[in-house]
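Guided by the hints, dock chains L and P onto chain S, whose structure is given.
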Amino acid sequence: MTTISGSLGTARLGRRVSRRRRLQPSTHVVLGLLAMLVLVAVFGPLLAPHSPIAADPVHRLAGIGSPGHLLGTDGQGRDILSRLLYGARTSLLTGLVPVGISSVIGTALGMFAGLAGSKLNALVMRVLDVFYAFPTVLLAIAVGAALGPGIRNAMIALTVVFVPPVARLVESAVAAVRGDDFMESARSSGASRVRIATRQVLPNVVAPLVVYCTSLIGLSIVEAAGLSFLGLAATPPNAEWGLMLNDGRNYFFTNPGVALVPAVAVLVSSLIFNLTGDRLAVELQVDRKELS
Amino acid sequence: MNVRAIKKAESARVPRSDDLLNVYGVSKTYGNGVKAVNDVDVSVGRGEILGIVGESGCGKSSLVRLLMRLNKPDTGSVYFDGHDLLMMGEPQLRRMRRRFQLVPQNPSTSLNPRLRVGASVAFNLRANRWGREATRARVAELFELIGLDASFAQRYPHELSGGQIQRIAIARALATNPDLIVCDEAVSALDKSVQAQILNLISDLQQSLNLAVIFVSHDLEVVRHLSDRVAVMYLGRVVETGPVGTILAEPAHPYTRALLASAPGAGDVAPLEGEPPSPVDPPSGCPFRTRCPDAISACADYDNAPVEITAGHLARCLRVTPAQDTVPTNPRRTA
Amino acid sequence: MTSVANGDALIVRGLNTVLCQGKSRLPLVRGVDFDLRAGRTTVLLGESGSGKSISARSLLRLTPRSMRVSGSAVLDGTDLLELPERHLPRYRGSRVGMIPQDPSVALDPFRKVGRQILEVLRVHKMVASRAEGRQRTLELLSQVGIPDPVRVSKAWPHELSGGMKQRVAIAIGISCRPAVLIADEPTTALDVTVQAQILRLIKSLQDELGTALLFITHDVGVAREIADDVAVMYAGVIVEHGPAAQVLNDPTHPYTAALLAALPGRGRKRGELLPIPGQPPSPADATLTGCRFAPRCTRVRPECTAQEPELLHIGADSGHAAACVEVSNRVKVPA
Numbered sequence: 001m002t003t004i005s006g007s008l009g010t011a012r013l014g015r016r017v018s019r020r021r022r023l024q025p026s027t028h029v030v031l032g033l034l035a036m037l038v039l040v041a042v043f044g045p046l047l048a049p050h051s052p053i054a055a056d057p058v059h060r061l062a063g064i065g066s067p068g069h070l071l072g073t074d075g076q077g078r079d080i081l082s083r084l085l086y087g088a089r090t091s092l093l094t095g096l097v098p099v100g101i102s103s104v105i106g107t108a109l110g111m112f113a114g115l116a117g118s119k120l121n122a123l124v125m126r127v128l129d130v131f132y133a134f135p136t137v138l139l140a141i142a143v144g145a146a147l148g149p150g151i152r153n154a155m156i157a158l159t160v161v162f163v164p165p166v167a168r169l170v171e172s173a174v175a176a177v178r179g180d181d182f183m184e185s186a187r188s189s190g191a192s193r194v195r196i197a198t199r200q201v202l203p204n205v206v207a208p209l210v211v212y213c214t215s216l217i218g219l220s221i222v223e224a225a226g227l228s229f230l231g232l233a234a235t236p237p238n239a240e241w242g243l244m245l246n247d248g249r250n251y252f253f254t255n256p257g258v259a260l261v262p263a264v265a266v267l268v269s270s271l272i273f274n275l276t277g278d279r280l281a282v283e284l285q286v287d288r289k290e291l292s
Numbered sequence: 001m002n003v004r005a006i007k008k009a010e011s012a013r014v015p016r017s018d019d020l021l022n023v024y025g026v027s028k029t030y031g032n033g034v035k036a037v038n039d040v041d042v043s044v045g046r047g048e049i050l051g052i053v054g055e056s057g058c059g060k061s062s063l064v065r066l067l068m069r070l071n072k073p074d075t076g077s078v079y080f081d082g083h084d085l086l087m088m089g090e091p092q093l094r095r096m097r098r099r100f101q102l103v104p105q106n107p108s109t110s111l112n113p114r115l116r117v118g119a120s121v122a123f124n125l126r127a128n129r130w131g132r133e134a135t136r137a138r139v140a141e142l143f144e145l146i147g148l149d150a151s152f153a154q155r156y157p158h159e160l161s162g163g164q165i166q167r168i169a170i171a172r173a174l175a176t177n178p179d180l181i182v183c184d185e186a187v188s189a190l191d192k193s194v195q196a197q198i199l200n201l202i203s204d205l206q207q208s209l210n211l212a213v214i215f216v217s218h219d220l221e222v223v224r225h226l227s228d229r230v231a232v233m234y235l236g237r238v239v240e241t242g243p244v245g246t247i248l249a250e251p252a253h254p255y256t257r258a259l260l261a262s263a264p265g266a267g268d269v270a271p272l273e274g275e276p277p278s279p280v281d282p283p284s285g286c287p288f289r290t291r292c293p294d295a296i297s298a299c300a301d302y303d304n305a306p307v308e309i310t311a312g313h314l315a316r317c318l319r320v321t322p323a324q325d326t327v328p329t330n331p332r333r334t335a
Numbered sequence: 001m002t003s004v005a006n007g008d009a010l011i012v013r014g015l016n017t018v019l020c021q022g023k024s025r026l027p028l029v030r031g032v033d034f035d036l037r038a039g040r041t042t043v044l045l046g047e048s049g050s051g052k053s054i055s056a057r058s059l060l061r062l063t064p065r066s067m068r069v070s071g072s073a074v075l076d077g078t079d080l081l082e083l084p085e086r087h088l089p090r091y092r093g094s095r096v097g098m099i100p101q102d103p104s105v106a107l108d109p110f111r112k113v114g115r116q117i118l119e120v121l122r123v124h125k126m127v128a129s130r131a132e133g134r135q136r137t138l139e140l141l142s143q144v145g146i147p148d149p150v151r152v153s154k155a156w157p158h159e160l161s162g163g164m165k166q167r168v169a170i171a172i173g174i175s176c177r178p179a180v181l182i183a184d185e186p187t188t189a190l191d192v193t194v195q196a197q198i199l200r201l202i203k204s205l206q207d208e209l210g211t212a213l214l215f216i217t218h219d220v221g222v223a224r225e226i227a228d229d230v231a232v233m234y235a236g237v238i239v240e241h242g243p244a245a246q247v248l249n250d251p252t253h254p255y256t257a258a259l260l261a262a263l264p265g266r267g268r269k270r271g272e273l274l275p276i277p278g279q280p281p282s283p284a285d286a287t288l289t290g291c292r293f294a295p296r297c298t299r300v301r302p303e304c305t306a307q308e309p310e311l312l313h314i315g316a317d318s319g320h321a322a323a324c325v326e327v328s329n330r331v332k333v334p335a
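Chains S, L and P, in that order, are what the protein sequence lines are.
Under our numbering, the residue at position 292 of the first sequence is numbered 292, and the numbers go up by one with no gaps.
Under our numbering, the residue at position 219 of the second sequence is numbered 219, and the numbers go up by one with no gaps.
Under our numbering, the residue at position 189 of the third sequence is numbered 189, and the numbers go up by one with no gaps.
Hints listed in this document are in silico derivations from the structure and should not be mistaken for laboratory results.
These numbers were taken from a predicted model, which means no experiment stands behind them.
Even for Gly, the Cβ is constructed at its ideal location relative to N, Cα and C.
Treat the hints with caution; some may be incorrect.
[Unchecked claim] Subject to a maximum C-alpha distance of 16 Å in a straight line, what follows is the list of computed EDC-like cross-link-like pairs (lysine to aspartate or glutamate):
id	chain 1	residue 1	chain 2	residue 2
1	P	K269	L	D228
2	P	K269	L	E221
3	P	K269	L	D204
[To be verified] For each label pair, taking beta carbons as the anchor points, the in silico distance ranges come out as:
id	chain 1	residue 1	chain 2	residue 2	range
4	L	A311	P	K269	17 to 27 Å
5	L	A150	S	L123	40 to 50 Å
6	P	K23	L	Y156	18 to 28 Å
This is chain S alone, in the form it adopts within the complex:
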């Protein structure tokens, strides 16, 4: 203290300020948006004015704001708003499930690598690096194609894709505290490795992990929609945003709304998760540089 932080005297001040426990106003806004998204996903089917798959050939390709069809209809005359509301649930699931599973697997792997000796660490991390070297989209497509179409397979594909980055993040969070004095104290306490890992190391991993995974949900939604668009996830006539986007492709010049509405929905929901991640980073005092 005396030598470094003390010489500027601001370190201690900075800490005092950070004691604030109340959430910042912008966090409230973002959390409100997130709550709305979740509510839409849960209660969407109740809110939908029409069936998502009932075709009405008379009113094909109605524009946005048409009477009875707030967001218009698609090429088969299905109500876009209803399809959007039904699809929200699928989209949210394709965001949450792969990230949820991969965060558990990735954390286990990352903790193991972080706390193992240098040779095991190198082995695990280099293997993960091989996966990491592929662009996520390509990897998801490859795995998805190998498993065959279907929402479940798409989620498995995305889980496989997300494990390496999560493991890498966790490993670096472990590495950040591995050499700290408290770890040495923990080792000399007589505690088992497992106890040290769960009680001492894990609390240091949770904050960056939560922040990262929240942002990852946004990415997962986008990628799941992308897989559906390519026909690797949801199958017609199910209401799914990526699939809707694909349908709208054919009518882009006659009725752009058919493609634009689901595109905006994907964008907005992914954005909400990214913003939530950003706010969590601020509230949990996680340095975003650690995450990249």
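Only chains L and P this time, still in chain S's reference frame:
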């Protein structure tokens, strides 16, 4: 591994029965070639405070890690209360650990930043199978012992000052009623006015709990103040050990003399020339000979065991000879 | 702190530094006055957070943008704090030399030592030609006690030991024959034996060059070694100021006295240190009124919290002053 070291390890002496910790001939060379600790003997009696003093890179922190069995020495042996820590299996060692505890150096990392400080103390108890209720009571008791209100247990480290954090680190070390605590530069990062609080605390606790303490520091004043005995380290070796009064009044090793003379305010003595050589490639023979004002050519080959000058006062120097009155009891002379 | 005498190199009056964070204003340095005289060493002594380093940086406006500096610092008839930004480089590093705390940070790791010194000389137009610059670089290096200037000038900073790097940093500090030299904890990062060398070097260079030296430290021992005058800082103000012998041997302000009593040293037995209770106040603590040391002071009285005491002289013309109600009440302070 040189032949002498092997011989020494094989003939590992039986520990003196009254000592709590005995370290014989330990050496450690790291993967990067740093010879951190080189053939060191150290012992601590029950309820005794041993000060280890030396400059940065002298190997004192490495020695601490070896005698705490956080790291394995290449050669040598470590006995705690008569038990050979190097021969012990992992489960046995873990059970033994509650009896020797570490107080680390750096207040900014000595407590887990994401745990309430009470939980950091409780961790050591839970790890040693204390029940939930017993742990809670013991944590409260420990906070009282170190002079902090029990409400502090609910705080996070960043809400506390450096001195408070080091107090809690001491509470954590004392949690399982150890026989020995090892303070590795535990007050070096603190302000002087706060440092005094912690030094008094350690001294009080040592007396009331009859603790043995190993106090490692680069600050001779602090070591002098707290210790019963002192070991002076230079470049991986203990160059002199002895009762604190003897070392200060009649330092036998030229390095000890230089260290005493370098202390600020010690007076106008010519300071030591140069800086310690790299521990990757230490000088042959006596490691201090490159800076020693009294060095002679024979120092390059000097590799003898420490010479006992008076009872309990040992130095590793070519020029040191046992004092007259000890001659009859010294086997080397009588032989 | 009497009227402007001959030989005054730098006169600092009413130095204030305020940290602005959003709407909050935290005073870090509050109304600091001192004079630096040619050939004399003034030590700013204080614990971490006392504002000693910020005071020194404020003089050269090296503080971060979030800090606002006011007051005056007059050097050669020019107020450094009023000077337009573009004229500052003429003073920084030339009329006022700096010796950094940690030379391994201060030196550019990607340029050889000799080139770094040469550049300073060229920038401040101390030499007419490159050849002269090279000549002068070697002179400077040998002046700071480097035995092999030619080799060192061609070395990279990382090839040098801590003590050598600090010598190079000192060479840069004195390269432009400054009127004032500011050394901010220049030996804190060094080992004791090396610290003794560097302190010696700084003293002898100062005698040789006759510069005024402002030396910042938290170490009373170092202050004893080097100071002519001592200014003790606490919570952003100078609480005691005067000749080193008086301040450090016969302190008037209770804080100075308490700081000295907290130090381990000869003649103080184990457990007998007198720590200062509590922690230094945070500048963010708006509830404090009056003397900032009052909450920790053993001699506190009701009037202490009423008004912050001014720095008042003790005796007629001793140059010894303290900011304590005991002084204004002209009570003889027991030693």
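Taking the hints in turn, this is what the structure says about them:
1. Only pairs whose Cα atoms come within 16 Å are accepted, and K269(P) paired with D228(L) is accepted, the gap being roughly 11 Å.
2. At roughly 12 Å between alpha-carbon atoms, K269(P) and E221(L) fall within 16 Å of each other, so this suggested pair holds.
3. Using a Cα cut-off of 16 Å, the hinted pair K269(P) and D204(L) holds, with the two alpha carbons roughly 12 Å apart.
4. Between A311(L) and K269(P) the CB atoms are about 23 Å apart, so this pair conforms to the stated range of 17 to 27 Å.
5. Between A150(L) and L123(S), the C-beta spacing of about 47 Å keeps the proposed range 40 to 50 Å intact.
6. Against the hinted window of 18 to 28 Å, the Cβ-Cβ separation of K23(P) and Y156(L) comes to about 26 Å, which satisfies the hint.
Violated hints: none; the structure is consistent with every hint.
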